[in-house]
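Chain B: place on chain A using the hints.
Residue numbers (the numbering used here), protein chains in the order written: chain A, 1 to 212; chain B, 1 to 551.
Source of the hints: derived by calculation from the structure; they are not laboratory data. The reader is advised that the hints may include incorrect statements.
Unchecked claim - With a straight-line Cα cutoff of 20 angstroms, these simulated SDA-like cross-link-like pairs (lysine to any residue) come out: (1) A/LYS39 to B/ASP345; (2) A/LYS77 to A/ALA112; (3) B/LYS508 to B/ARG519; (4) A/LYS77 to B/LYS476; (5) A/LYS56 to B/HIS362; (6) A/LYS77 to B/GLN215; (7) A/LYS185 to A/GLY88; (8) B/LYS486 to B/LYS508; (9) A/LYS77 to B/ALA212; (10) A/LYS56 to A/LYS185; (11) B/LYS476 to B/SER441; (12) B/LYS109 to B/ARG126; (13) A/LYS77 to B/LYS109; (14) A/LYS77 to B/ALA205; (15) A/LYS66 to A/ARG105; (16) A/LYS77 to B/ALA314.
Please read all numbers here as calculations on a predicted model, not as lab measurements.
These are the residues of each chain, in order.
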Amino acid sequence: MAQAAGAPQPGAGPPHVFKLVLLGSGSVGKSSLAMRYVKDDFRSILPTVGCAFFTKVVELGAASAKLEIWDTAGQEKYHSVCHLYFRGANAALLVYDITSKESFRKAQQWLADLEKESSPGEVVVMLVGNKTDLGEEREVALEEGKEFAQSQRLLFMETSARANHRVTEAFSAVARELLRRAEEKEQPPTPRGGARLALNQAPAGPARCCAR
Amino acid sequence: MEAGEDTAAPAPGDAENLEDTQFPSEEAGDGGGVHEDPTDLGDGSLEETGSGTNDKPPSLLSSLPQSESPSCNCELWDPSASENSPTGDPESGSGGQGGDPSDEDWRSKRKHVFVLSEAGKPIYSRYGSVEALSTTMGVMTALVSFVQSAGDVIRAIYAEDHKLVFLQQGPLLLVAVSRTPQSAAQLRRELLAVHAQIVSTLTRASVARIFARKQNYDLRRLLAGSESTLDRLLDSVERDPGALLLGAVRCVPLARPLREALGALLRRCTAPGLALSVLAVGGQLVTAAQERSVLAECRLDPADLQLLLNWVSAPAFAAGEAWAPVCLPRFNPDGFFYAYVARLDAMPVCLLLLGTDPEAFHDMATCRRLVEDGMHNLGAMRTLGEAASFSNAPSANAPSYSVQAVGAPGLWHFLYKPLDIPDHHRQLPQFTSPELEAPYSREEERQRLSDLYHRLHARLHSTSRPLRLIYHVAEKETLLAWVTSKFELYTCLSPLVTKAGAILVVTKLLRWVKKEEDRLFIRYPPKYSTPPAASSASIDQASHNGLFSGP
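Looking at chain A on its own, in the form it has when it is part of the complex (with noise of 0.2 angstroms):
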């Protein structure tokens, strides 16, 4: 069932597969990510159930990657289930709300219990800081976010969903940066160390390039 990027081949071929999950507390936006990325449409949406599922292909250079979407429900009554989206995640962007420091300080949770239920490394992670729209309400600095981001060696960005702001770009960083572990892998042998290795240099692209 997880398709870990299984039997890559390079150059053209079928795309890689990779699974997505979005992370993080009630009403942060998750959905509005998703909807905004993959349909390119914003409206208010209910509180999701369950979790929702897209696909999305993303083209990028000569390679392409065919995102599984997990949008998952911030809701504390799924939190039981949520396992059975973790597993086999290649990706998660971790999602709060700059408007509200509880949902910062959730999102640091989710990190911890992404990090149970997979093996350090093995998962691409990025920090997603939602409605950049409503700025006048920060309530998380950018440097807030940018700072936990590198002490846990994640990818980084601020986003806003309803204004369509650096949310395909957030998608597109994460998907580059499966590919290139990807790649890495095929490489001749450097197996875990390598990946360790990506993921420390990891921070430092991304969040240059968001700090507007």
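What follows is chain B alone, placed relative to chain A:
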């Protein structure tokens, strides 16, 4: 924001005080004391002194005079507002902070439904924020536990035009405070439906476990996001009462060959662990198929099916493919199924696949594609799409038909539930009713019609003196309700119709239903599907889930 800060903190203390202050009035007298109860419920959180409540409440409850002069109202409540809010700002007390029991708008609602924990912690309120109601709910707990301490159970309080109905379900207490003409039995059924909805998201076992571990647990944390489903359920009673009133599901009117082809299609498309497949449009049933291996012995309860239909019509399912745990309270209140829900072909057609395997998402998605392909081959998508777009009612996407189709002038609306369905033991209770057209297009008129149906239903099914036939000339329409061994019928006729005319109309209607019954109802439900070899695996999975541990 303010409402939350204002009231969250002082709540527990207030509740204790109230136990002391309110009980004497409850005991005061049989007649008079009881009359005060609903007013206490409303005033409790603010008027702790209680002096003068005897004069005010009746007018406040009916919310008539004050609503015209908000300034006077503001003064009236000023002292209590300052008492409750740290700022003492009169505006924060009287303003539209929804849910504040002093709020005119809140008070003017015809029916309130509350859910609270045994410890008196608010869980759900149809109107207003639960935070603002903690004291009110404290009073309810006090009432219940007071009667309980005398070794009795409080079922209902009748107070002038109000009915208060109490329902205890495990650690949950459900309360309806209603000015509608619904009978206590009808209100109780509504509360049971609310409870079932809560159980369907959490399971009875986990609710019990949570409160056993921590008595003052705030269940709202777990119910977050489900309130809108409860709201929709309760609203449906006012707008379209058939399903809950008759305990039946409404089917999409569809030619019998197509419906049977769709049933056969669902039976053909199986997946490991699949227990039930349902096709629905706008919350109405197209057809359903049960898997023998899973549901052979237990028939699917109509209440469970109605709950699923209500659930999948939620706007939250509008996008993507959803995968979520859901519990069927009548089937097994303690176990979860896993539901795959998708809108087919970007149409209002909704497919629900219910299975026992929590990891079967991809199998279900494959099954869905089979169903989708099959439906295209049958040309069913277009037909169902047309059925759905017929309705121009605000509740769009609900397939319906006009009452004109009956061809009986003078007939305005009706509910018909057949009781003579072949193969009854496996059949689903169903009903049919036409679209709500003029004179029932406005919200108030719909509510009035719903009230009329509730009145008729309560009279027909009265426990003390049930009736078979009611003919009633009301102010704006003539009503005729009739129960036989073959059907249960409620009709709403023009007020000008004579008794003979009414009988003629009803005869015409019955003849029409007979002619159309293959289209209006699922007359011959699909047999069980015969799953491939995977059936044994699904049973293993089921027992593993603890789904079938019960009898």
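Against the structure, the hints:
1. A/LYS39 to B/ASP345: holds, 15 angstroms
2. A/LYS77 to A/ALA112: With Cα atoms ~18 angstroms apart, A/LYS77 and A/ALA112 stay inside 20 angstroms; holds.
3. B/LYS508 to B/ARG519: holds, 17 angstroms
4. A/LYS77 to B/LYS476: violated, 48 angstroms
5. A/LYS56 to B/HIS362: holds, 16 angstroms
6. A/LYS77 to B/GLN215: It holds: about 18 angstroms lies between the C-alpha atoms, which stays within 20 angstroms.
7. A/LYS185 to A/GLY88: Cα-Cα ~17 angstroms, so holds.
8. B/LYS486 to B/LYS508: holds, 16 angstroms
9. A/LYS77 to B/ALA212: Between A/LYS77 and B/ALA212 the Cα gap is close to 17 angstroms, so the pair holds against 20 angstroms.
10. A/LYS56 to A/LYS185: With Cα atoms ~23 angstroms apart, A/LYS56 and A/LYS185 exceed 20 angstroms; violated.
11. B/LYS476 to B/SER441: holds, 15 angstroms
12. B/LYS109 to B/ARG126: holds, 10 angstroms
13. A/LYS77 to B/LYS109: Outside the cut-off at roughly 30 angstroms; violated.
14. A/LYS77 to B/ALA205: holds, 14 angstroms
15. A/LYS66 to A/ARG105: Violated, at about 31 angstroms.
16. A/LYS77 to B/ALA314: Cα-Cα ~18 angstroms, so holds.
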